[in-house]
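Kindly generate the complete structure, drawing on both the sequences and the hints.
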Amino acid sequence: MKIVSYNVNGIKARLPRLLEYLAEESPDIVCLQELKSSDETFPEQDIRDAGYGALWHGQKAFNGVAILSRGSDPVERQRGLGGDPDDTHSRYLEADVDGLIVASIYLPNGNPVPGPKFDYKLNWFERLNERAATLLAEEREVVLAGDYNVIPNDDDVFSVKAMASDALMQPESRQAYRRLLAQGWTDSLRTRFPAGGIWTFWDYQAGAWQRDAGFRIDHLLLSPMAADRFGDAGVDKAYRGREKASDHAPTWVRLR
DNA sequence: ATGCCACGTTAGACGTGA
Numbered sequence: 001m002k003i004v005s006y007n008v009n010g011i012k013a014r015l016p017r018l019l020e021y022l023a024e025e026s027p028d029i030v031c032l033q034e035l036k037s038s039d040e041t042f043p044e045q046d047i048r049d050a051g052y053g054a055l056w057h058g059q060k061a062f063n064g065v066a067i068l069s070r071g072s073d074p075v076e077r078q079r080g081l082g083g084d085p086d087d088t089h090s091r092y093l094e095a096d097v098d099g100l101i102v103a104s105i106y107l108p109n110g111n112p113v114p115g116p117k118f119d120y121k122l123n124w125f126e127r128l129n130e131r132a133a134t135l136l137a138e139e140r141e142v143v144l145a146g147d148y149n150v151i152p153n154d155d156d157v158f159s160v161k162a163m164a165s166d167a168l169m170q171p172e173s174r175q176a177y178r179r180l181l182a183q184g185w186t187d188s189l190r191t192r193f194p195a196g197g198i199w200t201f202w203d204y205q206a207g208a209w210q211r212d213a214g215f216r217i218d219h220l221l222l223s224p225m226a227a228d229r230f231g232d233a234g235v236d237k238a239y240r241g242r243e244k245a246s247d248h249a250p251t252w253v254r255l256r
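For the first sequence, position 10 (counting from the first letter as 1) is numbered 10 according to UniProt numbering, and the numbering increases by one without interruption.
A few of these clues could be false.
Taking CB as the label site, the calculated pair distances span [to be verified]:
id, residue 1, residue 2, range
1, Lys-161, Leu-122, 38 to 48 Å
2, Ala-164, Pro-194, 18 to 28 Å
3, Asn-109, Ala-133, 34 to 44 Å
4, Pro-16, Lys-60, 14 to 24 Å
5, Gln-45, Phe-158, 35 to 45 Å
6, Gly-207, Ser-165, 13 to 23 Å
7, Arg-48, Glu-24, 10 to 20 Å
8, Lys-60, Phe-230, 16 to 26 Å
9, Asp-212, Glu-20, 21 to 31 Å
10, Val-160, Pro-85, 37 to 47 Å
11, Asp-39, Ser-165, 28 to 38 Å
The list that follows gives simulated cross-link-like pairs (lysine to aspartate or glutamate, EDC-like), each with its CA atoms no further than 20 Å apart [to be verified]:
id, residue 1, residue 2
12, Lys-244, Asp-212
13, Lys-237, Asp-166
14, Lys-60, Glu-44
15, Lys-117, Glu-172
16, Lys-161, Glu-172
17, Lys-117, Asp-166
18, Lys-36, Asp-203
19, Lys-244, Glu-20
20, Lys-60, Asp-87
21, Lys-161, Asp-203
22, Lys-60, Glu-40
23, Lys-36, Asp-87
24, Lys-244, Asp-87
25, Lys-60, Asp-86
26, Lys-2, Glu-141
27, Lys-237, Glu-25
28, Lys-117, Asp-87
29, Lys-237, Glu-20
30, Lys-244, Glu-25
31, Lys-2, Asp-232
32, Lys-237, Glu-24
33, Lys-244, Asp-203
34, Lys-2, Glu-40
35, Lys-2, Glu-20
36, Lys-2, Glu-25
37, Lys-12, Asp-46
38, Lys-161, Asp-232
39, Lys-237, Asp-247
40, Lys-2, Asp-228
For the record, the hints were derived by calculation from the structure and aren't laboratory data. No residue lacks a Cβ here, since even glycine has one placed at the ideal position from N, Cα and C.
This is the structure:
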């Protein structure tokens with residue numbers, strides 16, 4: 001089964017690309033981020049007509065996450081993370097999908113550094129890690145899929161120098177990601193491509209796509225039981241080159 | 001050092017992204 005993480009950068013603007021993707025690739029599960037849509041304007045019927053059940057956690061203008069499942073309805077387990085009752089951002093959604101636990105994650109960007117947005121990112125990351133530890137304790141097949149807004153290693157970015165001061169590759173961001181992995185999660189794409197050099201995002205600006213100036217920030221983490229079923233992982237890079245594309249490409253893992 | 005480009009909101013720029 002193919003499980004996808006796709007930051008669509010606005011589901012209204014990206015709906016033609018998303019429907020194409022569903023029709024052409026027939027992924028089994030799709031975790032979406034950056035819906036930029038309130039709950040009321042989520043295109044439920046279009047997605048249902050494409051053969052997918054959906055669960056979404058929207059927000060007006062920015063953030064927003066969803067989980068799509070081909071031929072079934074995801075069963076909600078949790079929306080939002082615990083640990084901060086004042087957090088109003090829609091960045092986390094967790095569901096049971098045909099026996100698999102799946103989370104769609106949109107971790108805060110955190111720029112500029114330093115500042116309150118970076119503090120929020122690190123705090124949110126700690127809350128995610130607490131949730132992840134709870135999920136591991138269930139000893140089930142779990143996939144944590146999303147835009148983590150973290151470049152894990154120097155070989156996950158086109159230019160270390162160009163991004164050195166960015167929140168995506170600050171030591172604190174990387175350490176939080178490493179602490180998450182150290183709980184026992186498997187980074188699918190890293191497992192498939194241990195030498196790095198694989199990008200999931202290319203900026204709209206400065207001809208980044210044409211220069212292949214990208215980096216890897218969309219990750220699918222597997223619990224030990226899910227990792228036992230690991231088959232393959234990759235990036236459907238061609239979708240980044242289409243008309244009216246998102247700045248992220250669909251990133252996927254295949255479980256046997 | 002800053003803007004580049006794109007989206008959403010909402011009718012002129014501005015907030016946000018990364």
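Check the structure against each numbered hint from earlier and tell me which ones fail, lowest number first. 1, 3, 8, 13, 24, 34 and 38
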